[in-house]
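Residue numbers (the working numbering), protein chains in the order written: chain A, 1 to 117; chain B, 118 to 620; chain C, 621 to 756.
Hint data in this document are derived by calculation from the structure and do not stem from the laboratory. Don't take each hint at face value.
Dumping the calculated EDC-like pairs for lysine to aspartate or glutamate here, alpha-carbon to alpha-carbon at most 20 Å [to be verified]:
{"id": "1", "chain 1": "A", "residue 1": "Lys-96", "chain 2": "A", "residue 2": "Asp-108"}
{"id": "2", "chain 1": "B", "residue 1": "Lys-168", "chain 2": "B", "residue 2": "Asp-613"}
{"id": "3", "chain 1": "B", "residue 1": "Lys-485", "chain 2": "B", "residue 2": "Asp-563"}
{"id": "4", "chain 1": "B", "residue 1": "Lys-549", "chain 2": "B", "residue 2": "Asp-613"}
{"id": "5", "chain 1": "A", "residue 1": "Lys-27", "chain 2": "A", "residue 2": "Asp-108"}
{"id": "6", "chain 1": "B", "residue 1": "Lys-472", "chain 2": "B", "residue 2": "Glu-545"}
{"id": "7", "chain 1": "B", "residue 1": "Lys-313", "chain 2": "B", "residue 2": "Asp-563"}
{"id": "8", "chain 1": "A", "residue 1": "Lys-96", "chain 2": "C", "residue 2": "Glu-754"}
{"id": "9", "chain 1": "B", "residue 1": "Lys-271", "chain 2": "A", "residue 2": "Asp-106"}
{"id": "10", "chain 1": "B", "residue 1": "Lys-313", "chain 2": "A", "residue 2": "Asp-48"}
{"id": "11", "chain 1": "A", "residue 1": "Lys-51", "chain 2": "A", "residue 2": "Glu-2"}
{"id": "12", "chain 1": "A", "residue 1": "Lys-51", "chain 2": "C", "residue 2": "Glu-651"}
{"id": "13", "chain 1": "B", "residue 1": "Lys-472", "chain 2": "B", "residue 2": "Glu-550"}
{"id": "14", "chain 1": "A", "residue 1": "Lys-51", "chain 2": "A", "residue 2": "Asp-70"}
{"id": "15", "chain 1": "B", "residue 1": "Lys-271", "chain 2": "A", "residue 2": "Asp-105"}
{"id": "16", "chain 1": "B", "residue 1": "Lys-549", "chain 2": "B", "residue 2": "Glu-617"}
{"id": "17", "chain 1": "B", "residue 1": "Lys-485", "chain 2": "B", "residue 2": "Glu-545"}
{"id": "18", "chain 1": "B", "residue 1": "Lys-271", "chain 2": "A", "residue 2": "Asp-108"}
{"id": "19", "chain 1": "A", "residue 1": "Lys-96", "chain 2": "A", "residue 2": "Asp-106"}
{"id": "20", "chain 1": "B", "residue 1": "Lys-313", "chain 2": "A", "residue 2": "Asp-70"}
{"id": "21", "chain 1": "A", "residue 1": "Lys-27", "chain 2": "A", "residue 2": "Asp-105"}
Since the structure is predicted, the reported quantities are computational estimates derived from the model, not experimental observations.
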Amino acid sequence: MEFLLVLLIGLLYASGTYMMFRRSMVKLLLGLILIGNGANLLIFLVGDINKGNPPVIPRDFSSLQGVYSDPIPQALILTAIVISFGLQAFAIVLLKRVYLVTGTDDLDQLNSDDQDI
Amino acid sequence: MTDPYIILPVLLHLLTAILLIFCWKKVRAQKIISVAGNLVIVLLAFGLWMKVWNLGILTMQGGGWEAPFGITFVADTLSATLMLLTAIAGLAVAIYSCAGITKNRIQYGYFPIVHFLLMGLNGAFLAGDIFNLYVWFEVIIISSFVLMTLGGRKPQLEGAINYVTMNLLASVIFLTAIGILYGLTGSLNMADLSIKIANIENRELVHVTAILFFVGFGIKSAVFPLYFWLPSSYNTPPSAIAAIFGGLLTKVGIYALIRVFTLIYIPDSFLKGVFLFVAGATLVTGAIGALGKTDIRRLLSYLIICHIGYMLAGLALYTEQAMTGALFYLFHDIVIKTNLFLIAGLIYKIAGTYKMSELGGIYRRYPKLSLVMAAVFFSLVGIPPLSGFWPKLYLISESLNSGSYILLASILIASFITMYVIAKLWAEVFWKEPMVVTDLKAAGFDALSNFKKQLLVIPVIALTALTLYMGFGAQHIAVLAERISTELFHHQPYIDAVFEPKN
Amino acid sequence: MNSIILRTASNYLLPMLILFSVFVLLRGHYEPGGGFVGGLVAAIAFVLHSFAHGLKETRRFLRIHPGVFIPIGLLLSLISAVLPMIGGQSLMTGLWFNEPVPVIGLIGSALFFEIGVYFVVFGVTLTMLFTITESV
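Based on the sequences and whatever the hints tell you, model everything.
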């Protein structure tokens, strides 16, 4: 499981980086989303995966028993997901506005007023 | 000492923002609420600063959960000072915005977003938990995205693409670093990390996270070679917004760098070498970038980058003296960069353009105002005894002591080029023969009512007065900066304050 | 989208989804759920409605602009977070009533915080989706 996740995280980072180097705005955004998901999975991975041991205190005890998975990474990922939800929504609307205003999806065509050296 | 008082500025910014959203379309009410809110926050921040100065480091544990399990807020002297300066800059910008931001933008939520941004800044300065710092950074960047694009003119949107992309990337790198650090240490509390990071066997991975933090914060604070998003975006929004960005946003990156690399990581010789190189390169490239600029705000954008180099140089030399210089420069820079962008907006209001070739004759038309502006420019250049001079003195003497002659050379080159471009700006904008006003619609300073003129001018004068105080009262600022520097380098009291047993 | 099946179904789904969102909101204390998920479910209910009947109809049905929910939710969350500070405790400390309420269970300040989150998420999501839909 860990090994598969490691591969997946590497793949997400690599493909995200590749997409960010493209000139299309949409691919740039996709790249950012992929890298963000890679980072979330990375946090999930480093928090020691324990299948089937939720960090829940059993009914008759007052503390956690035995091996349990760390709840913190999940809290962190949830926070990061919520944040990226807002940021991505904003970025999508922004890209759409830019496309409507400039009429192009090509990043090289932007900064058209950048004449000042 | 546990004291819930420290969180009040953050809460009050949130409350002000909520009240402002309730008054969504009422422009006049929004202006009054925002200025009043900022005024109260300045008083609160000053109260907090006094408390921290007298009582030492104050902490607050969110939800009453003890460190390192809960979310810790810590106000040491550095945080309190930066919060005070943020509050002052926020108040100045709020007053300026009352006359400098159009009704249209206010109706689209300008003021609430500014308060969310200031809340994020205050929160970032208080965060004692690395993930909490990340969350506050996200609050800051989402607010700054909205401010950057508010109004939706073409250059704004195009500049925003660079800005949004680089900041999202920086956040992901920051998050990656947090993830690996959590995997290594099992903790997120910065004081706890400070203890645990020293005992990690796997030093290579520790160094990797250190570099990731440096890259993440480096993008946010616009250091070489990660600064290119700044000059292409900071010159597009209205000047009041650019003033907050120029004065505060890059500085929060510097704050995070200083905090992380004094509390959590102690830079080794390799990392110090990287810092030295990046600081020198930032100074020189930023200064050279400013050389050929003919647009005032573009020129100022490059000067922001250039002057980030001074603060990084203080961190790179990594001695108490050098850190004192860097902190002094940080305080000076927050006030003066905010002021410079406000001045740029004022010039635009007077002459209707940002292009230096079309400007001129402002000294003849507004001699008194020009003298105020001159004081700011001289302080920026660092003519003794004004405020830009003292921190450079610390940095120069310390780079001589440590034998970093290349850094010394870059500091001197950057200072001279700053002097040259400011002299050129002065000559072109203030002394040159007046030009015909091109854009009469934008150039409406004379047509404004007296009250509105004062709203624009008073913040500039107040910030100038503060800058002059930092120059002529340099011994006070130096005492403050030295105390902070000592706190940063001897961080045991910080750790003790966080882990103080509950009573 | 003009489909009589979807339109009929969405009429029945809307109240059920809103009920479900409240259920998710309330069980968040002890089991998976909470304000964020609940708010999303409630927002989805209205998005489904707008798919079936068109945006205009949904706006008329909602009567108020969804953005109004944002400051209300924020204020509710802020108050519930600050309340413990008045009693001298730290920010966001959970305050609880002693007696459990039937159906809901124990009520504490955390519940009001969650209700605030519910409103904010509902308002933000709907505002975002409506804005994007309108600009197409």
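Evaluation of the provided hints:
1. Lys-96(A) <-> Asp-108(A): holds (17 Å)
2. Lys-168(B) <-> Asp-613(B): holds (18 Å)
3. Lys-485(B) <-> Asp-563(B): holds (15 Å)
4. Lys-549(B) <-> Asp-613(B): violated (59 Å)
5. Lys-27(A) <-> Asp-108(A): Distance of about 14 Å is within 20 Å: holds.
6. Lys-472(B) <-> Glu-545(B): Distance ~10 Å between Lys-472(B) and Glu-545(B) Cα, so the pair holds.
7. Lys-313(B) <-> Asp-563(B): The given pair, whose Cα atoms are some 62 Å apart, is violated under the 20 Å limit.
8. Lys-96(A) <-> Glu-754(C): This hinted pair holds, its Cα atoms lying about 13 Å apart.
9. Lys-271(B) <-> Asp-106(A): Roughly 15 Å between the alpha carbons, so the hint for Lys-271(B) and Asp-106(A) holds.
10. Lys-313(B) <-> Asp-48(A): The hint holds at about 18 Å.
11. Lys-51(A) <-> Glu-2(A): Distance ~11 Å between Lys-51(A) and Glu-2(A) Cα, so the pair holds.
12. Lys-51(A) <-> Glu-651(C): holds (19 Å)
13. Lys-472(B) <-> Glu-550(B): holds (15 Å)
14. Lys-51(A) <-> Asp-70(A): holds (11 Å)
15. Lys-271(B) <-> Asp-105(A): At roughly 14 Å apart (the allowed maximum being 20 Å), Asp-105(A) and Lys-271(B) satisfy the hint.
16. Lys-549(B) <-> Glu-617(B): violated (62 Å)
17. Lys-485(B) <-> Glu-545(B): holds (18 Å)
18. Lys-271(B) <-> Asp-108(A): It holds: about 15 Å lies between the C-alpha atoms, which stays within 20 Å.
19. Lys-96(A) <-> Asp-106(A): Holds: Lys-96(A) and Asp-106(A) sit about 13 Å apart, inside 20 Å.
20. Lys-313(B) <-> Asp-70(A): holds (18 Å)
21. Lys-27(A) <-> Asp-105(A): holds (10 Å)
Hint compliance for this structure: hints 4, 7, 16 are broken, all remaining hints hold.
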